[in-house]
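Undergrad: Each chain is listed here by its residues.
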Amino acid sequence: MSDSHNTPIDQDGLDRRSFLKGSGAVAAATAVHAGTAAAAGEATGEVEKGWKPIQLNVNGEQVTVKVEPRTTLLEVLRYQLDLTGAKPVSSDGSSGASTVIINGKPHVASTTLAISCRRKKIETVESLGGENPDAVPLAFVEHDAQQCGFCTPGFVVAVRAFLNKNPEATEDQIRAGLNGNVCRCGTYAGILAAAVSVVKGGN
Amino acid sequence: MAFLQDEKKPEGGPYNWPARGETSVIGKDHNRLEGLAKATGAAKYTYDVNLKNQLVARALGCPHAHCKIGGIDTSAAEKVPGVVHVHILEHAQPGAEINWQGELLAIVAAETEGAAAEGVAALKVDYELLESFTSDHDLAAAEAAGRAARGGGKVQTTNEPGDDEDEDEFVDKEIARLLDEAKYVVEGHYGIDAITHCCLEPHGSTVEWQGDKLNAYLSTQNVSGTDDGFANSLGISADSVDVTCNYIGGGFGSKFAADYWGIAAARISKETGRPVKLMLSRDQELKIGGNRPSGYIDVKLGADENGLITVWDSHHWGSSGISGGGVSHTVVPYVLVPDNFRRKSTSIKINMVRARAWRAPNHPQACAITQTAVDDVAAAMGKDSYDVFMTNLANATNGKADVYAEEMKIGAKAIDWKANWHPHGKGKAKGSVVEGLGMALHTWGGVANTSDCTVKIYPDGGVESFCGTQELGTGTLTVCAMVLAETFGLTVDDVKVNIGSSTYPFSGASGGSTTVGAVSESHRRASQDALRALLDLAATKLGVEAGQLEARGGKIQVQGDGTKSLSWNQACQLLGMKPLEVTRGHVRGDESPLSSSGVGGVQMAHVAVDIDTGVVKVKRFVAVQDQGLVINPQTCKSQIYGGVIMGIAASLFEQRIADPKSGAFVNAELGSYQLARIGDVGDIMVELYEPDSERERGVIGNGEPPAISPMAAISNAIANAIGVRVPVAPFTPKRVLEALSTAGRS
Numbered sequence: 001m002s003d004s005h006n007t008p009i010d011q012d013g014l015d016r017r018s019f020l021k022g023s024g025a026v027a028a029a030t031a032v033h034a035g036t037a038a039a040a041g042e043a044t045g046e047v048e049k050g051w052k053p054i055q056l057n058v059n060g061e062q063v064t065v066k067v068e069p070r071t072t073l074l075e076v077l078r079y080q081l082d083l084t085g086a087k088p089v090s091s092d093g094s095s096g097a098s099t100v101i102i103n104g105k106p107h108v109a110s111t112t113l114a115i116s117c118r119r120k121k122i123e124t125v126e127s128l129g130g131e132n133p134d135a136v137p138l139a140f141v142e143h144d145a146q147q148c149g150f151c152t153p154g155f156v157v158a159v160r161a162f163l164n165k166n167p168e169a170t171e172d173q174i175r176a177g178l179n180g181n182v183c184r185c186g187t188y189a190g191i192l193a194a195a196v197s198v199v200k201g202g203n
Numbered sequence: 001m002a003f004l005q006d007e008k009k010p011e012g013g014p015y016n017w018p019a020r021g022e023t024s025v026i027g028k029d030h031n032r033l034e035g036l037a038k039a040t041g042a043a044k045y046t047y048d049v050n051l052k053n054q055l056v057a058r059a060l061g062c063p064h065a066h067c068k069i070g071g072i073d074t075s076a077a078e079k080v081p082g083v084v085h086v087h088i089l090e091h092a093q094p095g096a097e098i099n100w101q102g103e104l105l106a107i108v109a110a111e112t113e114g115a116a117a118e119g120v121a122a123l124k125v126d127y128e129l130l131e132s133f134t135s136d137h138d139l140a141a142a143e144a145a146g147r148a149a150r151g152g153g154k155v156q157t158t159n160e161p162g163d164d165e166d167e168d169e170f171v172d173k174e175i176a177r178l179l180d181e182a183k184y185v186v187e188g189h190y191g192i193d194a195i196t197h198c199c200l201e202p203h204g205s206t207v208e209w210q211g212d213k214l215n216a217y218l219s220t221q222n223v224s225g226t227d228d229g230f231a232n233s234l235g236i237s238a239d240s241v242d243v244t245c246n247y248i249g250g251g252f253g254s255k256f257a258a259d260y261w262g263i264a265a266a267r268i269s270k271e272t273g274r275p276v277k278l279m280l281s282r283d284q285e286l287k288i289g290g291n292r293p294s295g296y297i298d299v300k301l302g303a304d305e306n307g308l309i310t311v312w313d314s315h316h317w318g319s320s321g322i323s324g325g326g327v328s329h330t331v332v333p334y335v336l337v338p339d340n341f342r343r344k345s346t347s348i349k350i351n352m353v354r355a356r357a358w359r360a361p362n363h364p365q366a367c368a369i370t371q372t373a374v375d376d377v378a379a380a381m382g383k384d385s386y387d388v389f390m391t392n393l394a395n396a397t398n399g400k401a402d403v404y405a406e407e408m409k410i411g412a413k414a415i416d417w418k419a420n421w422h423p424h425g426k427g428k429a430k431g432s433v434v435e436g437l438g439m440a441l442h443t444w445g446g447v448a449n450t451s452d453c454t455v456k457i458y459p460d461g462g463v464e465s466f467c468g469t470q471e472l473g474t475g476t477l478t479v480c481a482m483v484l485a486e487t488f489g490l491t492v493d494d495v496k497v498n499i500g501s502s503t504y505p506f507s508g509a510s511g512g513s514t515t516v517g518a519v520s521e522s523h524r525r526a527s528q529d530a531l532r533a534l535l536d537l538a539a540t541k542l543g544v545e546a547g548q549l550e551a552r553g554g555k556i557q558v559q560g561d562g563t564k565s566l567s568w569n570q571a572c573q574l575l576g577m578k579p580l581e582v583t584r585g586h587v588r589g590d591e592s593p594l595s596s597s598g599v600g601g602v603q604m605a606h607v608a609v610d611i612d613t614g615v616v617k618v619k620r621f622v623a624v625q626d627q628g629l630v631i632n633p634q635t636c637k638s639q640i641y642g643g644v645i646m647g648i649a650a651s652l653f654e655q656r657i658a659d660p661k662s663g664a665f666v667n668a669e670l671g672s673y674q675l676a677r678i679g680d681v682g683d684i685m686v687e688l689y690e691p692d693s694e695r696e697r698g699v700i701g702n703g704e705p706p707a708i709s710p711m712a713a714i715s716n717a718i719a720n721a722i723g724v725r726v727p728v729a730p731f732t733p734k735r736v737l738e739a740l741s742t743a744g745r746s
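Protein chains in written order, with my numbering: chain A, 1 to 203; chain B, 1 to 746.
The set of hints was computed from the structure by calculation and includes no laboratory data. Cβ coordinates follow ideal geometry from the N, Cα and C atoms, glycine included. Careful, some of the hints might be misleading.
Computed cross-link-like contacts, SDA-like style, restricted to lysine to any residue with a CA-CA straight-line distance of at most 25 Å [unchecked claim]:
1) Lys28(B) - Ala193(A)
2) Lys66(A) - Gln54(B)
3) Lys200(A) - Gly679(B)
4) Lys344(B) - Val171(B)
5) Lys52(A) - Lys79(B)
Beyond 10 Å from chain A on every Cβ pair, some chain B residues (computed) [stated by the list, open to error]:
6) Ala144
7) Asp180
8) Gly250
9) Ser281
10) Lys344
11) Ala401
12) Asp416
13) Asn420
14) Pro579
Calculated from the model, a selection of chain A residues having no Cβ within reach of chain B, i.e. all distances over 12 Å [stated by the list, open to error]:
15) Asn57
16) Gln62
17) Arg118
18) Val199
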């Protein structure tokens with residue numbers, strides 16, 4: 001998760017470690033994102049704090065956003081980029097509703113600091129839509145794998161990431177591999193059928 | 001704002017549904033229309049509405065289950081960079097008593113979520129702690145703490161007391177006599193813990209003022225009925241409030257009102273002159289967003305030589321929160337009620353927020369705590385549970401014994417009951433794993449709610465409808481479109497359905513499985529009368545009687561004769577310059593050929609229990625459900641899958657856990673408030689029971705019924721597997737091992 005082994009000064013002129021140091025106390029006081037507070041560490045001192053512009057690569061586009069050390073990727077996506085597909089459901093990441101793909105792997109955006117995502121490729125559920133939707137959301141529609149739909153974007157991304165890695169997944173593997181996401185309405189039968197159909201279709 | 005419409009609606013009709021085999025849309029699977037928008041993140045829920053210049057608000061929830069507020073110091077919070085406004089709620093003024101954990105005390109509105117949360121953390125509150133009580137399962141403790149009160153009850157006996165006989169004494173003797181005469185007597189304790197609604201989109205709203213008018217984007221099951229709530233509290237008229245909800249992230253009976261936090265958001269918005277978004281946090285959603293009452297029961301019953309229950313004597317207790325309450329006595333015992341019974345209940349007050357209506361209020365708990373006792377009759381007899389349930393259909397009080405019998409046969413075939421059945425506790429173990437079967441049955445009303453719909457047909461052939469209902473994820477939008485398409489002989493893609501706004505004609509709240517009937521009524525009525533008007537014009541043009549015409553396949557044609565026809569667009573051109581507009585509605589409770597109420601439903605579970613670890617797995621589950629005429633089988637089945645999966649969660653995982661000392665709700669996060677995951681639900685089979693006798697009843701809602709039976713069916717399957725009753729749901733590994741240990745079987 002850490003990119004600190006890379007060049008410490010990024011193209012946006014920010015030293016991530018010192019940036020995080022600057023707001024340790026602030027981050028620790030933030031009740032909503034307990035996980036991110038721990039990530040910020042216990043450093044103190046006036047080094048860097050407040051809002052800083054950083055660059056992110058989201059759905060193939062390079063965008064400039066403003067973040068504090070505590071700003072999560074989910075907040076950036078939802079409030080600055082109006083990409084509201086990823087949903088805020090749990091503060092501890094246990095719902096999987098904010099799942100996005102970062103450098104090819106599924107991550108929970110609600111517990112990922114925006115600043116840790118620089119120089120990484122971020123793909124959100126919106127990248128699976130548009131004029132030619134991906135096979136996974138199409139299969140979700142065909143198999144009615146959704147009801148209220150609030151967990152659905154997270155599930156769609158999780159299924160996409162899982163099948164990218166396991167294109168020949170069996171039903172049992174799908175059941176085991178998607179336990180990081182939760183649905184309240186009870187759409188699992190449809191999700192399973194949708195994922196199996198994507199495997200069969202080779203997409 | 002209410003939709004303007006004629007006060008006096010012209011009489012229309014008659015109204016009817018096409019016969020089976022003559023439909024082009026109804027009764028055939030159709031993918032939900034909003035499916036792709038949801039699956040690609042394009043659908044905008046209340047939480048997703050970002051208004052220009054909006055503030056994001058967060059609330060402080062009370063950390064204590066019972067306390068007095070000394071005062072709230074907001075000075076540090078106000079200094080937090082980004083914080084714009086701090087609002088102390090009226091019920092949190094100094095001296096106020098707070099009776100449950102999570103109750104909101106103050107709200108901080110800020111430029112960002114982070115700043116709002118930091119502001120909340122900077123609020124300093126003086127609390128005076130008071131004694132709390134949250135042990136709703138513990139009747140003796142509740143009585144000792146002065147928290148128990150006599151609840152409802154009823155006695156019914158075939159024999160009557162003599163004129164000079166004391167009634168209570170007579171009943172005591174009569175029940176004792178009947179139990180004494182019974183061939184089998186079962187004594188048991190059963191229960192089900194409280195669970196929470198746990199909507200994935202928490203309760204909340206995004207609000208903005210335009211002058212004196214309030215626009216509220218509200219996560220609600222009640223689009224047409226929440227403007228009043230805002231208006232009354234804010235001292236404005238209901239027509240100054242527009243409520244919008246295009247998508248709602250979960251609503252199972254807890255989202256019918258603006259709620260005080262919605263009102264507070266509107267006040268903060270007024271105060272700051274900026275739009276405000278206020279959604280509950282996850283722990284607040286679990287703590288105050290609604291819960292289902294607990295229920296625990298002691299039962300003694302007697303049955304005859306065939307297993308038919310002849311006498312029932314029970315005392316149940318539980319809590320709906322601070323006001324007491326619990327499971328209504330009117331549904332105890334559930335569906336299968338013998339001629340002689342005595343039921344009493346005790347209401348327990350606990351330091352938890354009041355319950356909110358949860359999918360089939362009272363029924364799931366009543367089923368879970370009484371149809372388990374029915375199964376224990378089979379266990380006591382060493383007989384097949386299926387046969388004992390079949391025998392007890394003679395006690396069905398809703399006139400549905402025949403429907404249940406047919407549904408039981410279908411379910412038994414699907415789950416291969418005969419091949420998999422063994423007497424309780426006598427199955428062959430594979431290593432430490434034993435399997436078992438269980439069943440339960442349920443009932444619900446599902447009457448059509450009040451609903452109005454305006455249908456517009458445009459001269460260019462366009463069709464549009466307006467109705468102030470809401471899409472909960474149940475498939476309502478698609479049902480509306482299917483009904484219009486069927487009536488007009490068009491495809492679903494040819495019609496545009498508008499719902500989700502209080503500016504549209506009134507439609508009732510979505511609760512109690514009342515929506516599919518409601519919208520089917522209003523859309524069918526409005527479209528049938530609109531079509532009649534159009535057929536009149538077409539008849540003149542074609543030189544035939546209007547009664548000879550039908551709308552089919554995109555044409556207005558002489559019935560059965562496609563050669564004498566107009567295309568839909570040609571017919572609509574006859575309207576001239578002005579669209580045809582028809583508003584029709586249905587009033588809840590009115591007799592109608594289009595809808596009715598009252599359903600049954602049977603469910604069967606096949607489980608595997610590891611007696612070393614106590615882990616229960618649902619292997620297979622069968623749900624057989626009647627619901628009158630089915631408009632869209634695909635989304636109808638999805639409702640049933642959903643009800644079953646929710647029931648599996650409540651059977652094996654879900655429970656609100658309170659610390660008995662502090663009263664704290666200790667598992668109010670999704671990591672610890674466990675729901676079923678995709679790997680937990682086994683193979684679920686859904687059978688729609690729709691013979692002609694059901695279809696001719698018209699449309700009936702099915703949102704609630706499938707969520708009722710799972711806990712009893714799974715409990716019975718576990719008892720069948722291990723030969724011991726695990727008394728209280730959820731049937732966690734700990735409870736399974738305790739039950740085995742108590743019975744000396746581990």
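Undergrad: Would you mind marking each hint as holding or not holding in the structure?
TA: Hint-by-hint comparison with the structure:
1. Taking the CA atoms of Lys28(B) and Ala193(A), the gap is about 19 Å. The hint holds against a cut of 25 Å.
2. Distance hint between Lys66(A) and Gln54(B) is fulfilled; the C-alpha atoms sit about 17 Å from each other, no more than 25 Å.
3. With a C-alpha separation of about 20 Å, the suggested pairing of Lys200(A) with Gly679(B) holds against the 25 Å cut-off.
4. Restraint check for Lys344(B) and Val171(B): the C-alpha separation of about 13 Å stays at or below 25 Å, so the hint holds.
5. Between Lys52(A) and Lys79(B), the direct Cα distance comes to roughly 21 Å. Compliance with the 25 Å bound is thereby established for this hinted pair.
6. Every C-beta of chain A lies more than 10 Å from that of Ala144(B), the closest at about 37 Å, which supports listing it as non-interface.
7. No beta-carbon of chain A comes within 10 Å of the beta-carbon of Asp180(B); the shortest separation is about 45 Å.
8. Not every CB of chain A lies more than 10 Å from the CB of Gly250(B), the least distance being 5 Å, so the non-interface label is violated.
9. The claim that Ser281(B) is not at the interface with chain A is violated, since a C-beta of that chain comes within 10 Å of its own (minimum 7 Å).
10. With a minimum CB-CB distance of about 35 Å to chain A, Lys344(B) clears the 10 Å threshold, and the non-interface call stands.
11. Interface exclusion of Ala401(B) from chain A stands, the closest Cβ pair being 29 Å apart, more than 10 Å.
12. Distance check for Asp416(B) against chain A: the nearest CB is about 19 Å away, which clears 10 Å, and the non-interface claim stands.
13. In this structure Asn420(B) is separated from chain A by more than 10 Å, as the shortest Cβ-Cβ distance comes to about 21 Å.
14. With 10 Å as the threshold on Cβ separation, the claim that Pro579(B) sits away from chain A holds: the shortest Cβ distance comes to roughly 31 Å.
15. For Asn57(A), the requirement that its beta carbon stay farther than 12 Å from each beta carbon of chain B is met, with the minimum near 18 Å.
16. Against chain B, the non-interface label of Gln62(A) holds: every CB pair exceeds 12 Å, the least being about 21 Å.
17. Non-interface status of Arg118(A) relative to chain B is upheld: no Cβ of that chain comes within 12 Å, the nearest being about 19 Å off.
18. Annotated as non-interface, Val199(A) keeps its C-beta farther than 12 Å from every C-beta of chain B; the closest such distance is 15 Å.
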